[in-house]
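The primary structure of each chain is shown beneath.
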Amino acid sequence: LHASARRVVFIVIAVALVAVSGWRMMAHRAQTRAVATNNASTDPAAWGVQRYTPFLQYLKPAYGVVGFIARPASGDDNEARGRYQTAAYALAPIVLARREDTQLLIVDFPTNDDVLAYASAHGWRLVWGPQPGLALLERQGYNPQ
Amino acid sequence: MSTGIMLLLALTLSAASGIAATAALLPRRRGDGRLAAKIVLGTLLGAWISSVTFLAVLMVGGAALGTTVGFDVLAVLAAVLLYVGTRRLHATHPPELVEGPPRGVASLAWLAPLLLVAWLALQTTLPFAAAHPHGQWDAWSNWNLKARHFALGGDRWFDVYDPSMSGHWHDYPLWLPLSLSRMWTYAMTTDAWVGGVLSVAAVVMVALLLLTGLRAMRGMTHACIAVIVLLTSESLLRWGGSQYADIPLSMFMLGSLIALCLGLSDARRAPAWWIMAGLLAGAAVCTKHEGKLFCLALVVTAGMATWRVAGLKPAAKRIGVMVLAMLPGVGITAGFNMLIDAEGAQFFGATTWSMLTDPSRHAMVLREIGNIAPLVFDWRVLVVAVLYALAAGLNRHRSQRVAALMCLVTVAMLAAGYYATVITTRLDLYTHITTSADRLMVQLWSPLLLGVFLLLRTPEELRQVVHEPEGDIEQPQH
Chain A
1 LHASARRVVF IVIAVALVAV SGWRMMAHRA QTRAVATNNA STDPAAWGVQ
51 RYTPFLQYLK PAYGVVGFIA RPASGDDNEA RGRYQTAAYA LAPIVLARRE
101 DTQLLIVDFP TNDDVLAYAS AHGWRLVWGP QPGLALLERQ GYNPQ
Chain B
1 MSTGIMLLLA LTLSAASGIA ATAALLPRRR GDGRLAAKIV LGTLLGAWIS
51 SVTFLAVLMV GGAALGTTVG FDVLAVLAAV LLYVGTRRLH ATHPPELVEG
101 PPRGVASLAW LAPLLLVAWL ALQTTLPFAA AHPHGQWDAW SNWNLKARHF
151 ALGGDRWFDV YDPSMSGHWH DYPLWLPLSL SRMWTYAMTT DAWVGGVLSV
201 AAVVMVALLL LTGLRAMRGM THACIAVIVL LTSESLLRWG GSQYADIPLS
251 MFMLGSLIAL CLGLSDARRA PAWWIMAGLL AGAAVCTKHE GKLFCLALVV
301 TAGMATWRVA GLKPAAKRIG VMVLAMLPGV GITAGFNMLI DAEGAQFFGA
351 TTWSMLTDPS RHAMVLREIG NIAPLVFDWR VLVVAVLYAL AAGLNRHRSQ
401 RVAALMCLVT VAMLAAGYYA TVITTRLDLY THITTSADRL MVQLWSPLLL
451 GVFLLLRTPE ELRQVVHEPE GDIEQPQH
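Quick mapping for you: the protein sequence lines, in order, are chains A and B.
Mapping of the first sequence onto this note's numbering: position 12 corresponds to residue 12, and the numbering continues sequentially without gaps.
Mapping of the second sequence onto this note's numbering: position 468 corresponds to residue 468, and the numbering continues sequentially without gaps.
Careful: at least some of the hints might be erroneous.
What the hints assert, rightly or not - Looking from chain B toward chain A, a few residues come up when the C-beta cut is under 8 Å (computed):
{"hint": "1", "residue": "225"}
{"hint": "2", "residue": "384"}
{"hint": "3", "residue": "459"}
Said to hold, decoys possible - Rough simulated footprint, nothing fancy, chain A against chain B, three-plus residues with beta-carbon under 8 Å:
{"hint": "4", "region": "114-125"}
{"hint": "5", "region": "227-237"}
{"hint": "6", "region": "371-383"}
{"hint": "7", "region": "388-399"}
Everything labelled a hint here was simulated from the structure, so no lab data went into it.
The beta-carbon is built from N, C-alpha and C at its ideal position, and this holds for glycine as well.
Generate the whole structure from the sequences, applying the supplied hints.
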């Protein structure tokens with residue numbers, strides 16, 4: 001009888017464990033979805049489209065494939081994160097710089113001199129900027145139509 | 001060919017090489033209840049093998065679909081040949097009776113709540129992954145950016161380690177970028193969602209490992225309840241959708257521990273289980289820096305556990321075998337660090353002692369751990385889980401109790417190592433602890449549950465009030 005009673009208690013607690021887990025999962029789901037929605041405002045696709053669409057409309061006919069290089073100035077703030085993520089949305093910088101069909105690089109947040117120095121050393125010429133927030137680099141020897 | 005079919009091919013070839021290699025190491029025995037665990041462990045091993053073959057692909061000329069498929073097919077063929085060769089060897093041994101896990105129709109009833117919770121977990125982690133298509137901060141910067149270079153960089157894939165890109169933590173190990181890059185190569189695209197698939201797949205693998213591993217040792221009821229508790233961790237689901245390397249690391253650590261736990265009660269195949277554990281621990285080294293600490297802890301705890309169960313001499317042999325199996329992962333990581341001229345972590349410096357003895361640093365770390373812990377371990381679930389443990393009592397199988405202690409001591413050693421690393425960090429302490437504490441705790445969550453649920457008696461065993469098993473272990477050799 002003792003063993004049976006113990007087993008019943010055990011099963012009851014196990015069922016309670018499942019019930020509490022399910023309840024907490026529902027709460028987590030709601031909470032995580034809220035976080036996800038908030039973070040979506042810094043979604044790189046949204047950033048990239050919003051920030052560069054005017055440039056692309058102007059530049060693409062002349063340059064064809066346009067690439068982005070983005071790095072944060074400093075710090076851990078949300079704005080820097082959003083800008084930082086733009087690079088992932090666009091393309092990987094060095095690979096992009098190597099691609100022969102890429103004729104123009106938009107360097108976002110060009111306060112890191114090493115990026116500009118690297119691009120310069122790899123055959124890119126500064127055609128505009130650097131201004132706070134933006135620089136344009138053209139492949140050396142390329143003549144825009 | 002559609003992207004989906006190509007990704008399926010990538011996963012199939014990866015799993016096939018691992019499952020065939022596992023079958024060669026650990027042939028099937030009817031009735032032992034370990035088949036599902038072996039298939040999941042084999043799939044995990046395949047994830048490690050395919051990342052190594054992709055590294056070979058890069059080294060012979062850069063990512064290319066044809067070469068990648070060719071190398072993967074070669075890996076599958078090599079594993080199948082190994083299986084065919086060892087099958088004859090295994091056939092010479094007489095069949096061995098192995099005790100399977102407790103079974104019962106009632107235990108299958110636990111599948112329903114498990115499936116419900118798993119569905120809720122996916123509903124939690126998938127929107128998070130979708131909101132971060134490129135992964136969160138470290139994910140895209142430290143892992144995905146490199147994966148993109150590997151996939152697109154041709155024979156100059158290693159340019160991503162140019163000093164101008166040093167802000168992207170060059171010394172982070174290679175498994176995650178290699179695996180993502182391999183999937184992108186198969187998919188013939190670098191679409192961001194592929195990274196999300198890989199990330200969520202790691203959560204699914206952790207759940208499947210715990211489910212099948214515990215089912216093989218403790219039966220379905222315990223396995224289902226453990227996975228339900230596992231999935232209640234909010235942090236697990238968030239980081240699972242973030243594309244960080246912490247969940248894959250946890251996956252390899254859990255796989256390694258499960259292989260050892262299964263090996264502790266399987267005297268004849270013990271060396272094979274130790275090889276599996278060593279290979280997966282090596283994969284953990286190739287996934288994240290914490291994997292090195294895991295290997296060290298594992299050598300100590302697995303050595304002690306085997307000594308306790310089988311005696312000193314077998315323990316020394318098996319640890320030797322396990323360390324040899326770790327070597328591919330350790331070697332690849334060491335070679336990579338030499339190539340990029342990594343400085344390595346400096347654990348001991350002039351200020352280390354003053355940091356360790358500074359009470360304010362300990363107070364800050366403990367306070368932040370207290371703040372962050374509820375995200376990892378929901379206290380309401382924990383209260384009921386403690387009641388469950390008290391009602392269950394201790395497992396009577398001696399080898400499984402030893403295996404449980406091995407898991408728990410490994411977790412304790414890792415936790416102590418993480419704590420010491422954070423206390424002596426050269427970075428800003430507050431930033432370091434608030435940005436890493438929950439990820440570090442999530443890494444240990446599934447191994448902790450493995451240890452706890454191994455230590456507890458199951459509902460099925462409560463029926464056995466008179467004839468409880470005394471033990472299922474080898475006789476120690478003195």
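Now the hints, each set against the structure:
Here the hint on residue 225(B) is kept, as its CB sits about 6 Å from the closest CB of chain A, short of 8 Å. Checking residue 384(B) against chain A: minimum C-beta separation of about 5 Å stays under 8 Å; hint holds. Because the closest C-beta pair between residue 459(B) and chain A is about 6 Å apart, less than 8 Å, the hint holds. With a threshold of 8 Å between beta carbons, the proposed coverage of the region 114-125 of chain B by chain A holds, since 7 of its residues qualify and at least three are required.
A count of 6 residues in the region 227-237 of chain B with a Cβ less than 8 Å from any Cβ of chain A is obtained; the coverage claim is therefore met, three being the minimum. Figure legend: the region 371-383 of chain B, annotated as covered by chain A; annotation consistent (3 residues with Cβ-Cβ distances under 8 Å, at least 3 required). Counting residues of the region 388-399 of chain B whose beta carbon lies closer than 8 Å to any beta carbon of chain A gives 3, which meets the minimum of three for the stated coverage.
Every hint, counting from the list given before, is met by this structure.
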